[in-house]
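Number of protein chains: 2
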Amino acid sequence: MDDVKTLISLDEETTDDDEPVAPKVAVKSSPPPTAVVDILNDDIPTPSTGVGVGNNNSGTLMPDKDDDDLPALLDHTPSYSGNSALNGNLPPNDRDNAESEPIFRVRSRTAVASTPNYESLDYEVCENKLFQDEQKKRLTERFSLRKDIIRWIIFIQIGIITALIACSIDIIIEELSELKYMFLMTSVEKNVPQTDFTGGDLVVPFLYWILLSVVPVAFGAAMVTYIEPITAGSGIPQVKSYLNGVKIPRIVRIKTLAVKAIGVITSVVGGLAGGKEGPMIHAGAVVAAGISQGKSTTFVKDFHVFKAFRDDHEKRDFVLGGGAAGVSAAFGAPIGGMLFSLEEAASFWNQNLIWRTLVASIISVFTLNLVLSTYHGLNDFTFTGLFNLGKFDQPLKFDYFELPIFMLLGITGGLLGAAWNSLNTKINGFRKRYIPWKIGKVCEAVVVAMFGVTLACTMIYFINDCRPLGNDPTIHPVQLFCEDNEYNAVAALWFQTPEATVRSLFHDPPGSHKILTLTMFTIVYYVLSCATFGLNVSLGVFIPTALVGAAWGRLFAMVTYYLFPETEFLHPGKYALIGAAANLGGVLRMTISLSVILMETTGVETSFFFPLIIALISAKWVGDYFNEGIYDTQIEVNHVPILPWEPLPQYKGLTAREILSSPVVCIKLRDSAHYIYNVLKKCDHNGFPVVDDVQGVHRSQGRVCGIVLRSQLIVILLKSLYVENSRFWLPDTSIQTFRDVYPRYPSIESVRKLDDKINYTVDLAMFMNPSPVRVNAHDSVPRIFQVFRALGLRHMLVINNENRIAGIITRRDFIYK
Amino acid sequence: MDDVKTLISLDEETTDDDEPVAPKVAVKSSPPPTAVVDILNDDIPTPSTGVGVGNNNSGTLMPDKDDDDLPALLDHTPSYSGNSALNGNLPPNDRDNAESEPIFRVRSRTAVASTPNYESLDYEVCENKLFQDEQKKRLTERFSLRKDIIRWIIFIQIGIITALIACSIDIIIEELSELKYMFLMTSVEKNVPQTDFTGGDLVVPFLYWILLSVVPVAFGAAMVTYIEPITAGSGIPQVKSYLNGVKIPRIVRIKTLAVKAIGVITSVVGGLAGGKEGPMIHAGAVVAAGISQGKSTTFVKDFHVFKAFRDDHEKRDFVLGGGAAGVSAAFGAPIGGMLFSLEEAASFWNQNLIWRTLVASIISVFTLNLVLSTYHGLNDFTFTGLFNLGKFDQPLKFDYFELPIFMLLGITGGLLGAAWNSLNTKINGFRKRYIPWKIGKVCEAVVVAMFGVTLACTMIYFINDCRPLGNDPTIHPVQLFCEDNEYNAVAALWFQTPEATVRSLFHDPPGSHKILTLTMFTIVYYVLSCATFGLNVSLGVFIPTALVGAAWGRLFAMVTYYLFPETEFLHPGKYALIGAAANLGGVLRMTISLSVILMETTGVETSFFFPLIIALISAKWVGDYFNEGIYDTQIEVNHVPILPWEPLPQYKGLTAREILSSPVVCIKLRDSAHYIYNVLKKCDHNGFPVVDDVQGVHRSQGRVCGIVLRSQLIVILLKSLYVENSRFWLPDTSIQTFRDVYPRYPSIESVRKLDDKINYTVDLAMFMNPSPVRVNAHDSVPRIFQVFRALGLRHMLVINNENRIAGIITRRDFIYK
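So the protein sequences, as listed, match chains E and G.
Using the UniProt record's numbering, the letters of the first sequence correspond one by one to residues 1 to 817.
Using the UniProt record's numbering, the letters of the second sequence correspond one by one to residues 1 to 817.
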């Protein structure tokens, strides 16, 4: 399992991973443009880059019988040893082997090896003969209605269960934090004598604090590092990649969910600078994937329900709903949740899907409301904690002249956010290079936790910010070095979860903090959050980002008021909110959903939407000038082949001819089992064009009539679905035969050698997808990109004017420059 | 102009329009399914359905020089006289004419004639040589940035101007209504002596009322009927169709906007049962189309700006933003506006587009807020009238046991809504058949207005519903037959605009009405609104629908309270809101945006989202069981070829072969000008496959290498872009040459006869779109539908396995059963 790269690059094998990635597809010298569309003729120059793989290191492909992550392993098959031997000649014995056809003249498609080898999801529905048969059987109104109803039931379940998990995490964190900080405060009060203002003994509470931080953090980090490294970080980049169509191994497992839940609880309770929101979104995605499939690989349990939904297409739709439900549960923001899913994920827009997503979000918020209201002893649905950043009681007002100020704050947010992203990326690069050991990663988390506690203690010790009790906003004010009837404002900021601190900054009455306090706090938290995100713990980045923004936003209001005491418009909570929006915009760059989430979680009026948007837009535009949002940065750093919304500008003038990979390994419509076996054994491509009208042995010059997936071919070989014995299997074979093995297809190694069936043939007509998307070699890349993305493709065949194959284009061809 | 069919079918020529539409594409007897994909061979059986059109009635194509609606006329060219002569043989002279090739063997593509002939928009970008040249010239970062900035500026302008128009309509309606109802009240008080409770003389006020209703309504109806019939109704079905990709003639003209604005003002002031919301959405769309094009056909003015945005693709995106801005301005609901656009329109999801749409919506709401706040003399942005259904001051609460009640109300709403839709469709069918004359349509509107006034007067006269003054919710209470210190609750309901009545029903304190009053009011308004929608006036259906729902929702609460006086949960405003949601869900079926709009316009808490959604879902599902939403019904009744989200169930088992139209009129890559001229002259197709490798004269058996649009061919002929004289035009010709004539392409009639250029040839290589979307004949219809819709296509070429044309599929092929 160790050789699987995680998005956050936690694994120790990747010490040299940050070397510059070799450009994948060299733009081949294209023929000079002519006005007349030149017809691609058949004599594609045979490239001299054939790779001999007769002695393939197939040992690494041997399935580990105890490992339930077989396909995940397969996903990460190291590429051929011949990677650097691109100029090697084809050994003659290999030539004989493969029915006299060199099947490995593949040029560019195997040259991508230095990056982790993420596979794509099969979002495209394979409408083969079997699928059509099933459709015909189920063409009745009743079946389609039933499937629709079941789909609704699943979405409702997703909403409920996601909310329950979110509630549990919420309540546990709240209770444990309460215990922790109560204990610390008691300890402070015990050790600092109330009468001695010159400085008491803070060492004992400090040590307690360290202990109560280090233990949970170490536990959480160890869980994440040793049990499921994919759970590190917020999970949003992973979910985003998954929804974009990249197969991230083990991202939607129940084990992942369990580790993530424990990880986030321990980290937040441990006092790291992070929030629980991101992990909740990931949790929603796992719940969605789990429920919709009706089976669990972790528990090796198949409930034999929802079988019709077992394909990547349906699963991805459910995960979209799950992510939305997670956001909704995290923020109490159903519309924000739906928009988050849309903004970050859905490339294929469908009214029904969005509608179901919205319902899942609303159900999720309702369930959350129900449980939390009950938990807090309220019996109508009025638990305002659902606005988890605190509801503004008074409608926020603003004046015309404040709009430029908001814009200025937005620009500040953009600059700070871009700097934060850049700093964080540097820290993570450093981390990846110099802390490769697992134990080191755990230690690092512990060190950061201790560092945070120390800074906090130092601040509390040295800054003497005492405020009168009475209009105190904290539940448990600490007196510390203050007079009676006063509380320590610095301790109030630190002695709670980050989320509660955001609430304080939004809603504390004016004059709750010194300027110095807040300045120090902003700087410390900025650095701390930057060091924290990227640790091997489960934590989201939303809350610390909002916290930093709220701090400097409030600070701005305080400084301005200090300089111009006659000003009246400076509601500090309002500026804290704008600051939070600006900082979030600068770091995350998710403008649509962020604005709605902020609106929903703080209950501001529609009229205050405009200032929020001004701050967000300014922050996003300024930030975009320097770098990408933090999620996209993480995705890029880890070389996940995620498809952007628009083709990269470098691709603007190119045509398909210049990015395609060729020649392509093809299979004949009716081909020998032996050939197929050899092909599968010797290359790890996932899609093979099916050709017809083949002259001689040159399959790649046949006419395209379909595409067949690796997984399908393996099932065909495993189940011996040959022409010669078709009377045995034909009656029982249906699309379900293929669906049963989803999503962990066996590897080719699990197919026995075909000694006795060496002359058997396979007729692919009923198995292949007869409607692959084909484009012409002279089609422009922006255009085919649009098709590729809109249809969620995995393979796109490039044909010439005679419908003969000219190349193949996959997701990866659109990514690297 | 009269022969143009409007969506609401106002024109008098269509008296026989509601005859059953002949099934368009007979499902051809497909070959028996075989396991092997059968390769389409070249010998397509020549259909015996060639149509001779030598003596085409091209007289109808003669351009009317005074008419600025030339392309619109062309769009509605009646089909060939040979429609019913499908079995006629090809006259030999025609065969000679067209270079010995029968160009009119077209079978199914001309058989669709009995419906209005809507054309599609060219949402697909034609990436021809000229386009690529432009791209290359503008490949610089700077150009793309500049275009992006201009796009933003346009979206911001759209938001501002739409809001200004909405404000003007709003304020004018408010002021005029105020004047009207004040005058009527004075008249009532003058004519009904305060001391005589037995019945005063209501005749004079009644006559005044009639007069003040009839005059504006007659004026508005006359404007709509005689000047711009497309402005009738709410405009939402038209905008929806446009965004779906159907070219609705004259839908986005400035003249249309002017008539619509005056029409809606007169109708609402006249007291018809309608709202101003739908027309505002239409207004937003017009503004967007107008601004983005930088020129106006109505004023024959070209500002020579925004030239890069002059194509259907860009224009449609702007119209999407305009629609959203319109919704936002109408309801003060920016998120609702964006979601409305998404739900009703966007088939191609794009993050940037949505983001711009949201910004336009927010700008629009902000502008509205600004203007209305200033108008009402407030100087911070606190004009609560922006919640145009009135803000609920107290958070609405609900108990668990109310959820089934909400569901029950939802079901009621679904039933009432379905009945309303069905009744309204019947009334409109009747109207279309029996009131074909223009003057009749105006009279009808007047009669309905009088009918409404009479009913209202009767109610006021006969129902004696007096309430004590003091907690009166109306601004100008009418005493009428009541005691001193009392006001007449019936008159209060009627003496205001429908919108204000919705507000009253939501927010009046409990006990403001008698049960009898509200029952009568509900029934009267239900019938009245049903009779009104479909009149030849500009009016939306949202407000009357919400009003009816609010009335019966409030009635439900009152009746329940009457039966069980001990119940406490029955806040009448809450039930009015749920009733309005249920009724809207039942009539409109737009669940996502409706729920958000209702939330935003009434300012309810997120926790009340759940009851709203329960009511909406129940209403939608129950309603969907019976019929479609009112907008879709209107679209269907008018045979607008709008693409649904999913393919029709009838298409589930079919393949492309069974719906395609063939043979197709093709043009050679280098063809004679004479042939092209003849083709354009004799058929009205809009897309012609460009073929190559033609053996002999049979163009339709060549290999497909592109597609060229009718409009492009006409420009080529008009500008004489021939191979033989290329040295004259080649240096100056660019994509701008073609863009200049957008959107009203000249007809073929404007091309002079090619006598001297009879032997000239056209090389289409640089003009045609070299990347048409091609599918195979055996591809399943659901699949190609997905491609067609996701890419917003107009033509889809069906090819065989050798890349020779097998047929063509257009929007219409997916519509009729």
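Hints were generated in silico from the structure; no laboratory data involved.
One or more of the hints may lead you astray.
Because identical chains share one entry, a pair is satisfied inside a single copy or across any pair of copies.
To be verified - Listed below are the simulated DSBU-like cross-link pairs for lysine-lysine, each with C-alpha atoms no more than 35 Å apart in a straight line:
#1 Lys136 x Lys719
#2 Lys247 x Lys652
#3 Lys147 x Lys719
#4 Lys129 x Lys147
#5 Lys397 x Lys137
#6 Lys438 x Lys255
#7 Lys147 x Lys652
#8 Lys137 x Lys652
#9 Lys426 x Lys719
#10 Lys147 x Lys426
#11 Lys719 x Lys652
#12 Lys438 x Lys247
#13 Lys129 x Lys652
#14 Lys682 x Lys426
#15 Lys426 x Lys757
#16 Lys136 x Lys652
#17 Lys682 x Lys137
#18 Lys190 x Lys426
#19 Lys757 x Lys147
#20 Lys514 x Lys719
Review point. With identical chains treated as interchangeable, where does the CA-CA distance between Lys397 and Lys137 reach 35 Å or less: within a copy, between copies, both, or neither?
Key: Classified as neither: same-chain Cα gap 62 Å, cross-chain 48 Å, threshold 35 Å.
Review point. For Lys137 vs Lys652, is the C-alpha pair at or below 35 Å within one copy, between two copies, both, or neither?
Key: between (46 Å within a copy, 11 Å between copies)
Exercise for review: Go through the copies and call it for Lys247 and Lys652: within, between, both or neither, with a Cα cutoff of 35 Å.
Suggested key: both (27 Å within a copy, 30 Å between copies)
Practice item. Please work out whether the CA atoms of Lys514 and Lys719 approach to 35 Å or closer within one copy, between two copies, in both situations, or in neither? Key: Classified as neither: same-chain Cα gap 74 Å, cross-chain 75 Å, threshold 35 Å.
Exercise for review: Indicate which option fits the pair Lys190, Lys426 if close means a Cα-Cα distance not exceeding 35 Å: within, between, both or neither.
Suggested key: Neither. Shortest intra-copy (43 Å) and inter-copy (83 Å) distances fail the 35 Å Cα cut-off.
Check your understanding: When no copy is specified for Lys129 and Lys652, does a C-alpha distance of 35 Å or less occur within a copy, between copies, both, or neither?
Key -> Classified as between; 14 Å across copies, 38 Å inside a copy.
Practice item. Up to 35 Å between alpha-carbons, please classify Lys757 paired with Lys147: within, between, both or neither. Key: Neither: 40 Å inside a chain and 63 Å across chains, both beyond 35 Å.
Practice item. Could you figure out if Lys682 and Lys137 sit no more than 35 Å apart (CA to CA) within one copy, between two copies, both or neither? Key: Classified as neither; 38 Å inside a copy, 45 Å across copies.
Point to revise | Alpha-carbon proximity between Lys129 and Lys147, which holds within one copy, between copies, both or neither at 35 Å | key: within (21 Å within a copy, 47 Å between copies)
Review point. Taking 35 Å as the upper bound on the Cα-Cα distance, should Lys147 and Lys652 be classified as within, between, both, or neither?
Key: between (42 Å within a copy, 15 Å between copies)
Practice item. Evaluate Lys136 and Lys719 at a C-alpha cut-off of 35 Å and name the case that applies: within, between, both or neither. Key: within (24 Å within a copy, 53 Å between copies)
Check your understanding: Is the C-alpha distance from Lys426 to Lys757 at most 35 Å within one copy, between copies, in both cases, or in neither?
Key -> So Lys426 and Lys757 fail the 35 Å test inside a copy (56 Å) and across (69 Å) alike.
Of the numbered hints stated above, those contradicted by the structure are hints 5, 9, 14, 15, 17, 18, 19, 20, listed in ascending order.
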